[in-house]
Amino acid sequence: MELTLWTYEGPPHVGAMRIATSMEGVHYVLHAPQGDTYADLLFTMIERRGRRPPVTYTTFQARDLGGDTADLVIRTIRQAVDRFQPEALLVGESCTAELIQDQPGALAGGMDLGVPMVNLELPAYSKKENWGAAETFYQLVRTLLKAQLPAPGTPKPSPSRWREEGRRPRVNLLGPSLLGFRCRDDVLEITRLLGEHGIDVAVVAPLGARPADLLRIPTADANVCLYPEVAGPVCSWLERSFGTPVVRSVPIGIGATADFLRELHAVLDLALPADLETVEGQPSEAERRSRLPWYSKSVDSTYLTGKRVFIFADATHAIAAARIASRELGFQVVGLGSYSREQAREVRAAAAELGLEALITDDYLVVEKAMAEAAAELVLGTQMERHSAKRLGLPCAVISAPLHVQDVPARYSPQMGWEGANVIFDSWVHPLMMGLEEHLIGMFRHDFEFVDGHRSHLGDGAPASASASTAPSPEEASATSTAVATAAAPAAGTITAAVAVREALESLWTADGEAELAKIPFFVRGKVRKNTEAFARERGLERIDAEALYDAKAHFSR
Amino acid sequence: MGVSAPPVQPSPADLNPHLHPDLLKESGQREVFCGLTSIVWLHRRMPDAFFLVVGSRTCAHLIQSAAGVMIFAEPRFGTAILGEKDLAGLADANEELDRLVKDLLERRPEIRTLFLVGSCPSEVIKLDLAKAAERLSAQLLNRVRVLNYSGSGIETTFTQGEDNALQAMLPLLPSSDEEQLLIVGTLADAVEDRFRLIFERLGITTVRSLPPRRSTDLPPIGRGTRVLLAQPFLSATARALQHRGATLLSAPYPFGVEGSRDWMAAAATAFGVPLARFAEVVDPLVERGRRALAPHREVLAGKRLFLLPDSQMEIPLARFLSRECGMELVEVGVPYLDRQLMAADLALLPADTQLSEGQDVDRQLERVRAARPDLVLCGLGLANPLEAEGIATKWSIELVFSPIHGCDQAGELAELFARPLRRRALLQLS
Ligand code: SF4
Ligand code: SF4
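Residue numbers (this note's numbering), protein chains in the order written: chain A, 177 to 734; chain B, 378 to 807.
Hints were generated in silico from the structure; no laboratory data involved.
Some hints here could point you the wrong way.
As the list claims (entries may be wrong) - What follows is a list of derived Cβ distance ranges for each label pair:
{"no.": "1", "chain 1": "B", "residue 1": "802", "chain 2": "A", "residue 2": "288", "range": "49 to 55 Å"}
{"no.": "2", "chain 1": "A", "residue 1": "367", "chain 2": "B", "residue 2": "780", "range": "47 to 53 Å"}
{"no.": "3", "chain 1": "B", "residue 1": "801", "chain 2": "A", "residue 2": "450", "range": "52 to 58 Å"}
{"no.": "4", "chain 1": "B", "residue 1": "806", "chain 2": "A", "residue 2": "710", "range": "55 to 61 Å"}
{"no.": "5", "chain 1": "B", "residue 1": "802", "chain 2": "A", "residue 2": "450", "range": "56 to 62 Å"}
Ideal Cβ positions, reconstructed from N, Cα and C, are used throughout, including at glycine.
Whenever a hint applies, use it, and build me the whole structure from the sequences.
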């Protein structure tokens, strides 16, 4: 048993729903109790869809459990097929149905439905949403392509067969789905980008695809694995079974988009266009198609240098964000983590490159605590981190699912490709204090309007914790970890201990030490406090006064 | 429930089964919430209580989806997610639960009442949460009361979760035959204060509420207690209160001017308030409420309304919208029909109203499409899809989160229904 207040992912059947709902012509019969239809809201409200998800639930109740629930399953399948006439059917269970073991998939298998049927086995007590989506997508593709499997020993198709066939190369875009982060616009952006390089898109799936489209998957020269969380297993299987090469670079960020294009050209045996050649470590011509490189180089961005950023997201977006932050915006990544256990290895590798240890967890309190301890100045995370950041008074931008309705915007907002980088520049820099304001607040600390922590371009005044009181530096890590302990402590066992340590440290500060600390601009104050305390501990100081603070500052500026 | 329960006053609807002739009973896919959802408002009503669902990731996901942004403010609810180990052995599961509860309470010493909320998974594996609650209550004597109720989808629909939660609290209510008026069912704070004030003006001085604002502030109960149900979904609680000697007052529910007046009148009659006094206090409220209703009535009158089953509030709302706002009722769907608790409202519905109980959502939607009503009351899983088909909707969950009870709120209540229609008229997008 595990106490959970917030879950980054839903149960695996929600992943299966994402596949069914992303596609056309697929129906999903879900053996589930009355009440599990709540999941429809994710699609009708968050994704704002004007259609009901193609899901029929058995919605059994307690009184059905006495009788024949298997019969209910059969009836429901029959009616769903009659009513919706799908081109392929998914049959599966929710967590409760898994316990009563009616084997709906096996029942459907014996029914002669006249449509391809996939029996989904998604262990709800050990796996989660993304795993469920990946497994469903994989099983569906596998079922539909069974008849096309080449005989063992058949040679791999040449990736350049397009040349022999006298046509443009074509690839599949695999992975985009509903409730994924900005998939709608990523697909548009990448399709356009490929078009510019003379590459066609064969099938986009699951988003917008019909079962008939999945049958065309083997006609592509390569598979582009846009979202490994959803399409990783299917791409590997297609590679094994059909010999279709996979492009695994995810084109989020300037460098990653360039890498993606290079990998794609290599895989397709296409000559690398001149504008993708790098000369002497200079960015290639193509990279200047995005405004991010110039925006990031322009003097206005100098103040972004070394901003401490904490990143937590699904693996794909976390890894991409870490690269953009460190190499393209000049931030310092002070924390990197993910809730995607399936891709933990990749996240660990990306963290190691930055000299960090990756945080792999699905406990949001652990993430919040790490965020506070890293003394971050900017948080890039999920919907959840948005709220932790708010509580800690930190600027934040959302970079990954789980998402809320505001992250399915009406405007064009890709994350991928050149335009995606533009969107990223704006949305990550926006929450930070603008440079001029940052300077003026550092110089004049007595303003009645532009108070400590104020970001007037956001029109919201100071972060809640900063404006809350006149007590010395209330928005620091210390205060916030105390707030966390009292407000949200349930699952974070170590916090109580941390608070004790913190209180001991706090008592070290003299009044003039505190006063000096209060003069440090709020967004770095947490860091300065920590450094000073570390310095004091190291030197065995009994008091931390203003002089100790400056000693520490000099010590750490080396 | 028990045969010994004194029946509420029989109403015309009960006496004449032909009044609402063809009750449509349906079974099939039900597009409703489970009772866990009630936690979303109950935890705000009683801030010193914690709601611990014992269930699966699905249950955790449901609450977080339903609670939206609120979950972050200061979580007073959570889910103990069952793992494979718990499924393998109930002994382990019980031990795990005890451990988890102790951890929780150590870190949240301010919790006074802990509700262990049963879910479908916990009920299917027959995890005995009632016994767990007893065991933990004994261990935590005088510190925390541990109660148990079911919010599972297999047992409860949406608001029924509150019914079960209140029922679980009843054994803790002290016994007293003191004369009092007990208002049962969650009310918005401001609405509750307002009702108390009005009852005070009527000379009814002892007015208490269930659920209370603090979980430890439990009202006493006994022969002197007269119960007014503020919410129509409290079947089990109402009957249990009767078993404790309380008298259930029969009245329509306090939605709209008429319903609220009759509801207050039921109490006034029971407490022997002179008619003149009642008129003096309530008439001005009725008058003002009607004035507030008028502009909305202009939008709503003559419009055809279809209500899908959701919260049990459908019948009283249909009564208000037809009688006070002039809407025509195409179909009034309820998740389940408790004729006794609905008697007064049923009697006030137009005689030919089509009622339906239960749901087969695809067939019901066919009826919606065939009837092309002007407005459909439905859940959020159906609202946008219907809008996309050109059918105006009012999403129903808002009704349990808004202050809609009482004469003073009649205008707001009507506004909730008029707004989508006014909006459609405003938008010049084809
Ligand atoms: S207000 Fe600021 S901190 Fe809060 S979510 Fe928006 S950008 Fe992030
Ligand atoms: S319907 Fe059952 S399994 Fe689903 S969320 Fe509600 S209690 Fe949990």
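A quick look at each hint next to the structure:
no. : hint                       : in the structure
1   : B/802 to A/288: 49 to 55 Å : 51 Å, holds
2   : A/367 to B/780: 47 to 53 Å : 49 Å, holds
3   : B/801 to A/450: 52 to 58 Å : 56 Å, holds
4   : B/806 to A/710: 55 to 61 Å : 60 Å, holds
5   : B/802 to A/450: 56 to 62 Å : 59 Å, holds
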